[in-house]
Amino acid sequence: MHVHLDGTTPIYIQIAEWLQHEIIADRLQADQKVYSQYQLAELFNINPATAGKGLTILLEEQLLYKKRGLGMFVTMDAKERILLKRRNEILTKMAQEIVLEAKRLLVSDEELLVLIRKTQEGLE
Amino acid sequence: MIVTTIFFFTSILLVIAIFQILSKLGKKTKRIWTPKRIMIGITSYIILGLTAFIYISFFSDSKIPVLSSSDIKQVEKKFDQIPKYDQEFNSSYLTSDYKKKTWEINFDGDTLPVVINNDDNNLSLNIRQRYNDNIESGKALITYYQFPFIVNGVDLSDEVPLPDVYVAQNQLFIESFSKQQVNYNRLKATIGFLDFNRGAERYEMDNSYSNFIVIDIPRGTEIEDSQGLIYYLE
Amino acid sequence: MQSLTNISLKTIVKKQVKWEAKLNISALSSLVIVQIIFGVLTSSSGSASSGHGHGNLDVRFSIYSLDTFLIVSAIWAFIVALLFTTKAYRVDDLSVISSRTSSTIANIFVMIMYSFIAVIIMISTYYLQVLGILLVEKKSFVTEGLFISPSTFILCFSSICLFGALGLLFGTSFKGPVVIKIFLSTFMVFSFIYIFMTPNIIPLMMLPNLMISVLCLLVATLCFCLTIWIANKSEVSRK
Amino acid sequence: MNIIQCVELSKSFGRRQALQRVTCAIDAEKIIGIIGLNGAGKSTLLNIFAGYLKPTTGSCKVFNENPFNNIQTAANMIFIDDQLSFSEYLSLEDILKMGADFYPNWQNELAYRMLDYAGIDLTAKHQQLSKGQLATFNLVYGLVSRCALTILDEPMNGMDEVIRTDFYRAILKEYLAFPRTFLITSHHLQEMESILEEILLIDEGSVIAHAPLDEFKEQLISLSGPSDELADLLSETEVYAQKIVAGMTSAVVGASKLFVSEEILRTKGIKVSTLTASEVCMYLTNKKGRDIDAIFD
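Residue numbers (this note's numbering), protein chains in the order written: chain G, 1 to 124; chain X, 1001 to 1234; chain Z, 2001 to 2239; chain B, 3001 to 3297.
What the hints contain is simulated information worked out from the structure, not anything from laboratory work.
Here are a few chain G residues that sit away from chain B, every Cβ distance over 12 Å (derived from the structure): (1) ASP26; (2) GLN32; (3) LYS33; (4) GLU60; (5) PHE73; (6) MET76; (7) ILE90; (8) LYS118; (9) THR119; (10) GLN120; (11) LEU123.
Here are the simulated DSS-like pairs of lysine-lysine, each with C-alpha atoms no more than 27 Å apart in a straight line: (12) LYS1024(X) to LYS2018(Z); (13) LYS2022(Z) to LYS3125(B); (14) LYS2181(Z) to LYS1024(X); (15) LYS85(G) to LYS3271(B); (16) LYS2087(Z) to LYS3125(B); (17) LYS3061(B) to LYS2010(Z); (18) LYS93(G) to LYS3268(B); (19) LYS3097(B) to LYS2014(Z); (20) LYS3097(B) to LYS1027(X); (21) LYS1036(X) to LYS2022(Z); (22) LYS2233(Z) to LYS2175(Z); (23) LYS3061(B) to LYS2233(Z); (24) LYS1036(X) to LYS3125(B); (25) LYS3030(B) to LYS3054(B); (26) LYS2087(Z) to LYS3131(B); (27) LYS1100(X) to LYS1084(X); (28) LYS2233(Z) to LYS2087(Z); (29) LYS1036(X) to LYS2014(Z); (30) LYS3097(B) to LYS2018(Z); (31) LYS3125(B) to LYS2015(Z); (32) LYS2233(Z) to LYS3054(B); (33) LYS1028(X) to LYS2018(Z); (34) LYS1028(X) to LYS2022(Z); (35) LYS1078(X) to LYS1100(X); (36) LYS1028(X) to LYS3097(B); (37) LYS3268(B) to LYS103(G); (38) LYS2087(Z) to LYS3097(B); (39) LYS1099(X) to LYS1078(X); (40) LYS3173(B) to LYS33(G).
All values reported here derive from a predicted model rather than from experimental measurement.
Ideal Cβ placement from N, Cα and C applies to all residues, glycine included.
Use the sequences and the hints to build the structure in full.
If you want it as structure tokens, here you go:
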């Protein structure tokens, strides 16, 4: 496990994203116990407090819930929520960048739509 | 005091110098001299000292007794009367157990010239003359008495050199041998400096009347005492 | 929160004494060497000699007593105590649990222990010297008090302790390079003793041994307390 | 629970003001990086915590007691720096024995394993070790003593790269196994950043910043874009550094005062990027307007 320290994204966010990735990839099932902050610290060679911060982000987004004294568990609908969030947050941001880039490269809207449809067909 | 001060400061410098050398040496030999080995070294040194003590106190044979001040006082009490007896010409104090040596000499005529050679004033003798009935004429008996001669609590009466007594040209010569040097090692496991300053605990005895020469001559013979040193005794 | 360990000063001092006594043993070995050297030096004439001439008999007594060895041990104790307070030794204490108080008290105990051993070494050297003389010249031995009396033992111990205490006191009060520290304080102490003490040291000598010992120990304890007080105030520079 | 509290702590050596009115509180069981240039007062502060120096004014409490010459604080604290020295008669093994004798939570087998891992011969003497080995041994000595307050003054200098990363992990593992307060000063902040929880930045004797790592890093951000776009923005916020090259400006500004949202910035073609902790430290302690390029212009 490696955390890139070049300062682009804070470590605790990287941890949060890694955990979300684990949930999407079904390696962390619903109602399954999640790594404790100490395990994460050991795994990523980081300070447990930073790992803890990553966990609290997921807690605030109701992707995890806390059982007193037992630790953090994945909520039932965690996976769906992550997929939904990723779709409208991250996808929209990417879309924005594509449009901006197209405008800079003086690509008209039609050409852009044609390009997207061609890439979709290419993937099938 | 000067000697002690010089000694005092030289010993300081010496100890400091030795310390510097030791610390230099120590650095090099650090590996060899581990604390354990040093400890063994020190304990064996102490044991060595202990055995030396045992050896000295039990096996060393040359034991010279040392008189305490009370003994000396007793001895001295015994010999206080000598000057008194001497004035009264009474020779009872010259008992035989102090007799060291007797010489028998012959001479002609009825006067015996006596020459005491004391030019290097080594002789502190008290010379006495006494008439003795059972000596034939022409003979004389010279006896040397040595009383205890106590210095620093040690009785050196055996060490006092006897005078040289001989007859030449019908004269009796009494001379002393050359000065004799006696060395003693006094061992005292105390602080000598303290004892010294506390005044000699040991009562120094007055040794002026420590030895006598008595010349026994038959009645009718005379002693020619040119130097006037010989006194008369009963 | 991990429960804090509370360790009493006594246990720490005990540990420090245990280790320091072992690690600074080289001081004792240097004492042995110094004593041997002085023993050999004074073996010819003894620590003092008195001569008496009487008539044709000249008596020379060379007196072999503990004087030299006591002076040497006192100076040694003073220097060792000074060395204890130099930075090289002090800094070693900082690597283990210690405070100025604990280190100073530990130094004091080690100094007292070394003074006691020093007296024993002193006596051993004296007897070895006597043995040496005995083997060399057979005759003329006047043995008066070969067995060292307890009062003399205590006197030696307390005077060495006193000089150790002076060393610690001077060492703690002067901060500075080692060599200068040694020369400065040695010179000061001994000239102080010489100038002030010698004239009225005579009446002091009149006192019996035990009285002097008590006096020495009193002054030593005073120096020890002063040393502890100064040490408590002083800062430690690690550089 | 605060393990160390300083109130208006200042220390001066003669005329030199080493610390000026430092007020900080350090929580228990955290790994805290103490960052500052040489001579900024780091060592002085640590020496006061360790009870070796007395503050000139103000007060300092460790385990809410005055640490100066205090055996209780000494019993729960260890100060490891390159001045750590032992008697010349002790081999490394003896030193470990001595440590075991003094420190109640001493972990001897762990020490043996660590030193074996670092390939240090236990029969060697402390004075014979190379600079790197010395640093390694001293760090191991500090870690296995398991004191509630472990102060490591530049523990890694002298160690080579490989060992350094290993021993950062060793510090973290030891922290996980036996939680305690670590105060670590170091010049390799970027290597150490990951295991730190808080940063205490000291410059010219005063504490400039004391915050958790992420908060500390988010203090400043760097903006780069066309000069005219940036000009009006820069006037509102506090600028820590600015460079204008051929019409493009890149500047480091205080993030807290920046009200413009990221989208607007992006539309204006201004690129926003975060800084690493060491960069933040550099800019915070950078004397205003000091710029190496100025020397070459």
